[in-house]
Amino acid sequence: MVEATCVVRVLEQHEFQRWILNGEVRAARLALGGFGTEELRVEVDDFVNVADVEGELQALGRACLLFRYLSICLLRVSSCLHEPAMIGLMRTRYSEDEVAVRDAFFDFFANECPTTTVRAAAKGTGFDPALWSSLAAMGAPGMALPESLGGAGAALTDLAVVADVAGAHLAPVPLIEHAVTTRALARAGGHDGLVAELGEGSTLATLALRPPTGDTARLVPAGAVADVILHHRNGVTSINRGNAPGIKLPNTADLPLAHRVISDATAIDLDSDGWNRTVDEWRALMAVAYVGLAKRAIEIGVAYTKERIQFGVLIGTFQALQHGFADAATSVEGAHLLAQRAIWALETDQPGASRLAGMALLYAAESARFAADRSVQYHGGYGFSEEYDIQLYHRHATAWILQLGDPAAEYARLADAEFGPVKGAA
Amino acid sequence: MDFSFPPEVEAFRTEVKAFLADNFDESMLDVTHDGTMHVPELHAALAAEGWLAGPVPKELGGGGRTALESIVLNEEMQLARAPIDAMGVTVITAAILMEHGSDHLKETVVPALLNGEALTSFGYTEPESGSDVAAAATKAVRDGDEWVINGAKMWTTMAHIADYVILLTRTDPNVPKHKGLTFFLVPFDTPGIEIQPVPTMATERSNATFYDDVRLSDDWRVGEVNGGWAVMKTALKYERGVAGGQFMSPPVIDAGIDWATNQERADGTRPIDDPAVRERLIRAQIDVEVCRGFAYHCADLANEGAMFGVEGSMTKLFASETFKRHCREIHDMMGAEGLLTLESPEAHHGGLIEEALRHSPVTAIYGGTSEINRNMVAEGFLGLPRAR
Numbered sequence: 001m002v003e004a005t006c007v008v009r010v011l012e013q014h015e016f017q018r019w020i021l022n023g024e025v026r027a028a029r030l031a032l033g034g035f036g037t038e039e040l041r042v043e044v045d046d047f048v049n050v051a052d053v054e055g056e057l058q059a060l061g062r063a064c065l066l067f068r069y070l071s072i073c074l075l076r077v078s079s080c081l082h083e084p085a086m087i088g089l090m091r092t093r094y095s096e097d098e099v100a101v102r103d104a105f106f107d108f109f110a111n112e113c114p115t116t117t118v119r120a121a122a123k124g125t126g127f128d129p130a131l132w133s134s135l136a137a138m139g140a141p142g143m144a145l146p147e148s149l150g151g152a153g154a155a156l157t158d159l160a161v162v163a164d165v166a167g168a169h170l171a172p173v174p175l176i177e178h179a180v181t182t183r184a185l186a187r188a189g190g191h192d193g194l195v196a197e198l199g200e201g202s203t204l205a206t207l208a209l210r211p212p213t214g215d216t217a218r219l220v221p222a223g224a225v226a227d228v229i230l231h232h233r234n235g236v237t238s239i240n241r242g243n244a245p246g247i248k249l250p251n252t253a254d255l256p257l258a259h260r261v262i263s264d265a266t267a268i269d270l271d272s273d274g275w276n277r278t279v280d281e282w283r284a285l286m287a288v289a290y291v292g293l294a295k296r297a298i299e300i301g302v303a304y305t306k307e308r309i310q311f312g313v314l315i316g317t318f319q320a321l322q323h324g325f326a327d328a329a330t331s332v333e334g335a336h337l338l339a340q341r342a343i344w345a346l347e348t349d350q351p352g353a354s355r356l357a358g359m360a361l362l363y364a365a366e367s368a369r370f371a372a373d374r375s376v377q378y379h380g381g382y383g384f385s386e387e388y389d390i391q392l393y394h395r396h397a398t399a400w401i402l403q404l405g406d407p408a409a410e411y412a413r414l415a416d417a418e419f420g421p422v423k424g425a426a
Numbered sequence: 001m002d003f004s005f006p007p008e009v010e011a012f013r014t015e016v017k018a019f020l021a022d023n024f025d026e027s028m029l030d031v032t033h034d035g036t037m038h039v040p041e042l043h044a045a046l047a048a049e050g051w052l053a054g055p056v057p058k059e060l061g062g063g064g065r066t067a068l069e070s071i072v073l074n075e076e077m078q079l080a081r082a083p084i085d086a087m088g089v090t091v092i093t094a095a096i097l098m099e100h101g102s103d104h105l106k107e108t109v110v111p112a113l114l115n116g117e118a119l120t121s122f123g124y125t126e127p128e129s130g131s132d133v134a135a136a137a138t139k140a141v142r143d144g145d146e147w148v149i150n151g152a153k154m155w156t157t158m159a160h161i162a163d164y165v166i167l168l169t170r171t172d173p174n175v176p177k178h179k180g181l182t183f184f185l186v187p188f189d190t191p192g193i194e195i196q197p198v199p200t201m202a203t204e205r206s207n208a209t210f211y212d213d214v215r216l217s218d219d220w221r222v223g224e225v226n227g228g229w230a231v232m233k234t235a236l237k238y239e240r241g242v243a244g245g246q247f248m249s250p251p252v253i254d255a256g257i258d259w260a261t262n263q264e265r266a267d268g269t270r271p272i273d274d275p276a277v278r279e280r281l282i283r284a285q286i287d288v289e290v291c292r293g294f295a296y297h298c299a300d301l302a303n304e305g306a307m308f309g310v311e312g313s314m315t316k317l318f319a320s321e322t323f324k325r326h327c328r329e330i331h332d333m334m335g336a337e338g339l340l341t342l343e344s345p346e347a348h349h350g351g352l353i354e355e356a357l358r359h360s361p362v363t364a365i366y367g368g369t370s371e372i373n374r375n376m377v378a379e380g381f382l383g384l385p386r387a388r
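Residue numbers (the numbering used here), protein chains in the order written: chain Y, 1 to 426; chain D, 1 to 388.
Same shape as in the complex, but just chain Y (with noise of 0.2 Å):
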């Protein structure tokens, strides 16, 4: 089994940022490449550079995946130095280091995840399991797990950076259904073993967002591909694992949407407050997932309008096109800020965590699918062609959320909290 644990002293944060500036993580990853397989120990204050890095670190005799490990600390340094400041700051952007990480994330799927790859997926089950291996490697999937179970330690903040990039590509891998299950199960407890393997991505997890009907859970999130199911119903939690994934379903964003048979369900440790918590990070991830979508459909819809011209000029001249975009460019980035508040606010326990975790959800899906319906329409036909990426924009921009459920009953469940119970409804 992968263990590869860092630790880290005294950190030098312009240092990490001059790597990842540099372009030498990329470098140097492709130099190394592979897995270590047995206990990584690095003091990196001793290091100057990459190049020092890799000398260290084949000087140990162990061959590690310098990105993994540059993530890791990069996670290190930015909860390091958020630590005394976390109690009062109003910090409504991404600190020095989370941009450093979202770099760093944004590179690795800028390269590792073009849109053909995301069409190929598409052709199949909606997964890329190579891709899934790298973003493994780079310790994605552990990385919100306490480091007690082999997880980064790092909070559900740095996490979101990455769905932020992994939206923004439409990343054909489960890494928010995977992520949020296995923090589920840890905080279920006695599931050490299963944690410490879906951590390190070779298992994979997902979970039922509805409650099954009978034994299937129907269009399951990464169903056909999961080898762990979690799912709830009448206040029990219960896992499923070792049944065979499910059969896709041709679906609207090709998505690894499958049915899955919970019949020999076990209960896990998990109450109804802990499965909505599990939910609410799905949908606060979800909702941060969207924005990076929705800048994406923007910035392509912008350079097409840079390029196209009709009546001898550049249609982005137009100014009916450019308010379009500049409502939806408002409209995403009040998303963004609302997505990351609620992203901080269940990673600090905040009283109203729960609720901003919905509304983020419903206010990004929304803001999403207008920037890509925006975007297709400044397009002209070709926005409705085949060949252009901002269509797949749509579709996923359409397709996320109704993997919970129609967006009216969410409203619906929000302003049940808000306003309290329909007068005569059970």
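The hints are simulated quantities; they were obtained by calculation from the structure and are not laboratory data. Treat the hints with care, since some could be wrong.
[Stated by the list, open to error] Partial pick of chain D residues on the chain Y-facing surface, computed with a CB cut under 10 Å: (1) Phe24; (2) Ile195; (3) Glu321.
[As the list claims (entries may be wrong)] Examples of chain D residues toward chain Y, derived with CB under 7 Å: (4) Phe3; (5) Asp300; (6) Met314.
On a predicted model such as this, the values are computed, not experimentally measured, just so you know. Every residue, glycine too, gets a C-beta built ideally from N, C-alpha and C.
Let chain Y serve as the given structure and place chain D on it in line with the hints.
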């Protein structure tokens, strides 16, 4: 990311809440029903706390309050439905004068503004120049030691109760429009000024002001001759901390929820039991949280000393457009009952919702129309080519 306020700002919020509980209640809003958006007792109390001087930097003689404290004061006042107009005008004008005014203005006018004795008004907009504010045509011509001003200003709100107007004039018509502007602070008791009321579709009144051979000494000039655009930038810089509007919706939504919860319909159900009503209200609550995100984001940027333009545009655009929608939808929800105005003894919540509905259109117009803000976002944020 961290969306919590520092403890000292939270303490300030507690202080503001207590202050508002002691110094303001909704009955004082009756004062505004003559159309003037001003509560003198509240203004005096704010001055006594030193809060009018709050956002002005200490080195300029102000209170040196941070942008986070300013947004908290602003938020709490709006949530309590306390008018913030006079506070905003006072703070911005005082800041302009401290940065660009003559010693005479700094020594005489600024203290009077900050201690609440004097009020000012804005004189930027003209009958022929609204969004194109740099096209101002009101003329100021030098005559020996004096300036002679001729022209007209629109939307000089509060002019009829104010002592001064901060006036944008044209001093050189032969250069590009931004380069021929000069600001003056004009006392309203100067001969040659006429103030005419401009009634509006809302209950509030505004004014048109006319300047006919108004003679001023050079002491009243603010900033360099033909340096008016630099002064304008100062005005915009301070608006970020004090300009309101991010929290206009909550009092209207709260009144709407209260109404929908306490009405009983013929079939025994309440409006709040209607799924369509519930979805409208919860969507409005979501918009409020989005707005809060924008407000805190701008305060965070200002606090770090960053100049923001496009973030302010997004905030203004979002806040005013959603406020209009909230007013419309909540007013609709009340049906015929919602039509009753504040003059009607039967109006719900003193006609608050109906009045907000009639007020709401102007919020997407004043201080930069939604269209101007969309242009700013398209050009400044998305990098789209200039459209006009």
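So, against the hints stated earlier in the document, which numbers end up violated here?
Hint check: 1, 2 fail, others pass.
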